[in-house]
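Knowing the structure of chain A, use the given hints to seat chain B on it.
Chains as they are written, first to last, in this note's numbering: chain A, 1 to 638; chain B, 1 to 149.
The hints are simulated quantities; they were obtained by calculation from the structure and are not laboratory data. There may be inaccurate statements among the hints.
Distance condition first, Cα-Cα at most 27 Å in a straight line; then the derived DSS-like pairs of lysine-lysine [said to hold, decoys possible]:
#	chain 1	residue 1	chain 2	residue 2
1	B	Lys87	A	Lys43
2	A	Lys477	B	Lys38
3	A	Lys630	A	Lys589
4	A	Lys568	B	Lys38
5	A	Lys577	B	Lys87
6	B	Lys129	A	Lys497
7	A	Lys612	A	Lys549
8	A	Lys366	A	Lys136
9	A	Lys589	B	Lys129
10	B	Lys139	A	Lys601
11	A	Lys577	B	Lys139
12	B	Lys87	A	Lys601
13	A	Lys549	A	Lys577
14	A	Lys612	B	Lys141
15	B	Lys129	A	Lys336
16	A	Lys409	B	Lys129
17	B	Lys129	A	Lys557
The model shown is predicted, which means the values in this text are computed figures rather than measured ones.
Each chain is listed here by its residues.
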Amino acid sequence: MMDEFSAAKLDEIRAKISESRKVQKTCITVCGGTGCHAYGCLKVAEAFKDEIKKQNLQDSVDVRITGCHGFCERGPITVIQPEGIFYQRIQLKDIKEVISETIINKKIVNRLLYTEPRTKEKIVYEEEVPFYKKQKRIIFGNNGFIDPTDINDYIALDGYKALVKVLFDMTSEEVIADIEASGLRGRGGGGFPTGKKWEVCREVNSDVKYIICNADEGDPGAYMDRSLLEGNPHSIIEGMIIGAYAIGASLGFIYVRMEYPLAVKNVTMAVEQAKRLGLLGESILGSEFKFDIHIFRGAGAFVSGEETSLMASIEGRRAFPRQRPPYPAQEGLWGKPTNINNVETWANVPLIINKGAEWYSEIGTKNSKGTKIFSLVGKINNTGLVEVPMGIKLREIIYDIGGGIKDNKKFKAVQTGGPSGGCIPADQLDLSIDFESLTKAGSMMGSGGMIVMDEDTCMVDVARYFLNFTQEESCGKCVPCRIGTSQLVEILTRITKGKGDEKDLEKLIDLSRSVKDGSLCGLGQTAPNPVLTTIRYFRDEYEAHIKEKSCPALVCKDLIIYHIEPEKCVGCLLCLKNCPVDAISGERKKVHVIDQELCIKCGACLDVCPPKVSAVSKYTGKKRDRILKKASGQRVKK
Amino acid sequence: MSESNKDQRELIHMLHDTQEKFGYIPAHSISQISRELKISESEIFGVLTFYKAFALKPRGKHLITICMGTACHVRGAPMIIDEFERKLGIEAGETTEDNLFTLETVNCVGACALGPIAIADGDYHGQMKTREVDEIIKKLKEGKNKDIE
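Isolated chain A (complex conformation):
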């Protein structure tokens, strides 16, 4: 198939695929993202196939394992096309019924539908589920239709059309002008205008140039890049080929985290398929342009997401960042001009070429164009990946799409930008989500993690968590980052243990500034952001820890106790049996008591106490002291 592959032939193939799929054949799509994998989606898909065979429906019904649908909270997700019937939390025992009822009798299985928690309304179609309604899924939407292991699926949906347009109808200048006009900015966190970046690299004179796709998605709580790589790898590959053409690069690398085995597998397979069809390699689609892609598996170092570190890693060295300038566009991989963009940025490229810069630039705000995919996680009802137009309000994401906070708790903050970002408090819920507004609020767009926190989240603990993370991931090259972050962790830990000093807050702020100023790369320059924003917005929580030795969110172990309310306890022995350290005493139908000296505060008693009894509570501050005093008094009496 490889010989003489041309643009005309690609059209031919596309026509053939469309023809073969023209008959509106029923297709059961099962989400194959990592979340749904964990819920057992592969078994569900297999069971569908078996049942279809059993019912002899192979000719009229297809089963397809697709990319991630985004609504991870409700996995495993199954959508029946072409109608778009949306079934969630589907189990093996449901398969038979879906086939007999929905496929054969054309009836909806009500119990598998999504229920809108507020109105209790059952929703039949995917597009009507509130989680999807306010989204604008221009990048991510195709995931649900594509089997990522089959290039034909991508081609059928106009895949590689943009590449043909670029190769045969556009000069490299025109491509760059288009990308610039679209207003696309880097989706990896920095937000640098993509067109400009390309232009700088294009203008450097060099025999060899490289491009890189940064898929080292290291921010904890962010997984949109993985879902794109897993679910629609060809969109990224097509974007890279177009970028390479514009810049004049002949070799590209996809640097992907080894923690994402499915992404590695799917993208490797996609590159091979593209090669076989002549979309990569010598004389692409019969043109004079040649370009190839290598996959590089990362080895577990957060700092390698930083561009100069990433290049050091590809070169087979320790992922140490280096001074810029020279920028990678001037001196990158092996000293050659190199352009590096994030996964989502590359995925935007074919879309802009196909639909035009003007169309694209109409989405978003003045300075932030297009859409952004966020991973909406934490204490939120609808966990998942959401793609929204820039400029949307934070409130809309959290309440309209995310369905509000879990268990009707109070919203406290949202953390964006990963370990480099910051926490945005409740009074800024009407913040517009774009590069500038987020930076102004003390956070940043980052790669798109959005971790929702409720009243049960301790902000001091969150700051400590992030600093602990950056301290462990600091490569150690710059002293302020290496030693500063561990000092910050030490102070924060002290505060969470109730051993903080009133001067600690000023020390934290001071030290944070030194770390920011004295570090070479983005890791150190942004590492103190979680500390600074939590102090800025939640100073009272720090003060409670320091002055009152209390943790208002009841998280910090050293500052809380577990207590069984005597008037509520029914003496069911459940907590007593589940306590791993035998700290609870009592008899059947008699009040149980926790020995505070033995208690390790694992929370098992709280977990098992039946909800209608809910006799176990956590206490901090004065109430805690009163209970402890009473307990020690009783002990003395004994």
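Quick look at chain B alone, frame taken from chain A:
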């Protein structure tokens, strides 16, 4: 790119292969890679200890990985890791003396909807509770590690 660069580029690939083959990087492999790539052993040692993917010691028979991503953290992952550490009598990153269990943490597995998550020999256990820890360890010991949902 010059020829020597090309050699160094193979280093991380080779380390990945070795790690996959043996479950760790044995000393003799370091010498072998050193000869093949003409890079000093100390340089290789420097690279492999920089990255978390490579271990110098073999792991236990069963691997338990706890996700320490932010979403898991706010949903109580620290309690889960404490409980595993207590039950196994080791700290995260260590292997039990009988070589049965290795306990590790990972920054994020990106299955945030299921947090907090423990992965036991490749099986995901989502929405973990501290009291389920014992059960997972027991099932691993009995060789019956199936998804407990």
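Hint check, failures only: 1, 4, 7, 13, 14, 15
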